[in-house]
Each structure stands twice: as C-alpha cells, then as structure tokens.
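**Student:** Construct the complete structure from the given sequences, taking the supplied hints into account.
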Amino acid sequence: MSSVDPLANLQEQLVLRSPLHRRKTWFWVGVIPLTAPFMLIPVMPNLPFFFCVWRAWTHWKAHKASSYLLELSNKEAIHTSPSEDLDKVYEKASRSLPYPSRGINKEHNDLKFDSNIVQLLPNPAQTVSHIVDAYSLSKEAERSMLRAIEQARIRSQIDEAKSES
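Residue numbering for the sequence shown follows UniProt numbering, beginning at 1 and increasing consecutively.
Read the hints as simulated data drawn from the structure, not as lab findings.
Every residue gets a Cβ at the ideal spot worked out from N, C-alpha and C, and that includes glycine.
Among the clues, some could well be false.
Simulated pairs of lysine to any residue, SDA-like, Cα-Cα distance not exceeding 20 Å [as the list claims (entries may be wrong)]:
no., residue 1, residue 2
1, Lys64, Asn74
2, Lys88, Lys64
3, Lys61, Glu71
4, Lys64, Phe27
5, Lys139, Gln126
6, Lys24, Trp57
7, Lys75, Ser18
8, Lys75, Phe27
9, Lys92, Thr127
10, Lys139, Val89
11, Lys61, Val15
12, Lys24, Ala65
13, Lys24, Ser67
14, Lys139, Pro124
15, Lys24, Pro48
Taking CB as the label site, the calculated pair distances span [stated by the list, open to error]:
no., residue 1, residue 2, range
16, Trp57, Lys162, 26 to 34 Å
17, Asp87, Ser156, 22 to 30 Å
18, Glu91, Leu137, 16 to 24 Å
19, Leu137, Asp87, 32 to 40 Å
20, Asn123, Ser73, 33 to 41 Å
21, Arg147, Trp54, 18 to 26 Å
22, Leu86, Gln151, 41 to 49 Å
23, Ser136, Ile32, 19 to 27 Å
24, Ser144, Lys61, 17 to 25 Å
**Tutor:** Shown next, in the form of structure tokens:
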C-alpha cells in the first residue's frame with residue numbers, strides 16, 4: 001500500500017538508532033555513581049540508582065537488538081511478506097483521512113508538522129475491535145489499546161491548548 005521499502009526503512013532506522021542507544025547506555029552508566037549520596041539516607045530506598053540502572057539496561061537491550069537486526073538485515077535474512085489483515089486496517093484508516101494516502105516519500109519531507117492533523121482513528125472503538133479480531137488478541141489488549149488512544153488524544157489536546165496560549 002505504501003511506496004516505502006520496509007527493509008530500507010528498517011536499515012535506515014537501525015543505523016540511526018543504534019549509536020543513540022549505545023551513547024545513552026554509557027550516559028546512564030555514568031550517572032549511576034552520582035546516585036551514591038542517596039544510599040546514605042536509610043529511610044528512603046535508592047530509587048534514583050534503580051532508575052539509572054533500569055535506563056542503562058533498557059538502552060543496552062535496545063542497542064543489542066538493533067545491532068542484531070542490522071546484522072540480519074546485512075545478511076539479507078529478513079524477508080517481507082504481505083499481510084491482508086494489515087492491508088485491511090490501513091485501508092480503513094486511509095478511508096477516514098480527508099486526503100488520499102500517498103505514503104511517505106522523500107519529496108514530502110519538507111512538509112512541516114501540523115498539530116491539527118486529523119486523527120488516524122476517528123472511531124477508535126471500531127478500528128481497535130477490528131484489529132483485535134484480526135489478530136485474535138485478548139479483551140485486555142483491546143482495553144489497553146483504547147486507553148492508549150485516549151491518553152494520546154488527551155495529550156494532543158493539551159499540546160494544542162499550550163500552543164494556542
């Protein structure tokens with residue numbers, strides 16, 4: 001449906017993100033010793049230490065995963081396959097947009113972000129239920145997706161209100 005080559009896009013994202021995660025891992029490892037004074041306070045658990053360790057660990061995992069995917073991509077071990085279920089979801093979402101879906105092309109990169117862009121899911125309950133049915137997900141997944149969409153909508157409204165004032 002899109003004119004973007006998914007493997008080229010994946011490779012581009014991996015090349016961009018892997019060094020970022022490596023830098024962030026070392027940054028958070030460097031911040032860990034700065035949390036030592038909090039160990040002297042016996043009443044409070046050392047939450048800053050655990051937060052820094054958790055951030056370093058998650059960035060390390062992301063760096064390792066991206067380097068693994070990049071290696072697979074370089075060996076041409078990743079192959080794309082069409083998905084009728086995803087095509088149906090994209091088709092329903094593109095029908096609700098005011099402009100025809102053109103995909104992401106290099107020629108459209110000069111467009112600026114507009115905070116008033118129409119939501120991709122005008123009727124989230126119907127779209128989410130279709131996704132849940134198509135992929136045989138649990139009802140908990142449906143509730144979580146609807147909650148995430150609602151939170152994103154609220155954040156979008158808050159951002160718009162901030163930009164207007």
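**Student:** Is Lys24 close enough to Ser67, meaning Cα to Cα at most 20 Å?
**Tutor:** holds, 15 Å
**Student:** Would the pair Lys61 and Val15 pass a check requiring their Cα atoms to be no farther apart than 20 Å?
**Tutor:** holds, 16 Å
**Student:** Holds or violated: Lys61 and Glu71, Cα atoms, limit 20 Å.
**Tutor:** With Cα atoms ~15 Å apart, Lys61 and Glu71 stay inside 20 Å; holds.
**Student:** Can you tell me whether the CB distance of Ser144 to Lys61 sits inside 17 to 25 Å?
**Tutor:** The hinted range 17 to 25 Å holds for Ser144 and Lys61, with Cβ atoms some 22 Å apart.
**Student:** Starting from the hint 41 to 49 Å, judge whether the C-beta atoms of Leu86 and Gln151 obey it.
**Tutor:** For Gln151 against Leu86, whose Cβ atoms are near 24 Å apart, the range 41 to 49 Å is violated.
**Student:** Please check whether Ser136 and Ile32 have a Cβ separation lying inside 19 to 27 Å.
**Tutor:** violated, 42 Å
**Student:** Tell me if the straight-line CA distance from Lys75 to Phe27 falls inside 20 Å.
**Tutor:** Between Lys75 and Phe27 the Cα gap is close to 31 Å, so the pair fails against 20 Å, i.e. violated.
**Student:** Is 22 to 30 Å a correct range for the gap between the Cβ atoms of Asp87 and Ser156?
**Tutor:** For Ser156 against Asp87, whose Cβ atoms are near 27 Å apart, the range 22 to 30 Å holds.
**Student:** Next pair to validate is Lys139 with Gln126; report whether the Cα-Cα distance is within 20 Å.
**Tutor:** It holds: about 14 Å lies between the C-alpha atoms, which stays within 20 Å.
**Student:** Mind checking the alpha carbons of Lys88 and Lys64 for me, to see if they're no more than 20 Å apart?
**Tutor:** Violated, because 33 Å separates the two Cα atoms, which is more than 20 Å.
**Student:** The hint says 26 to 34 Å between Trp57 and Lys162; measuring C-beta to C-beta, is that right?
**Tutor:** holds, 33 Å
**Student:** Could you grab the alpha-carbon distance between Lys64 and Phe27 and see if it respects the 20 Å cut-off?
**Tutor:** OK: Lys64 and Phe27 at ~16 Å, within 20 Å.
Violation of the numbered hints given earlier is confined to hints 2, 8, 19, 22, 23; the remaining hints are satisfied by the structure.
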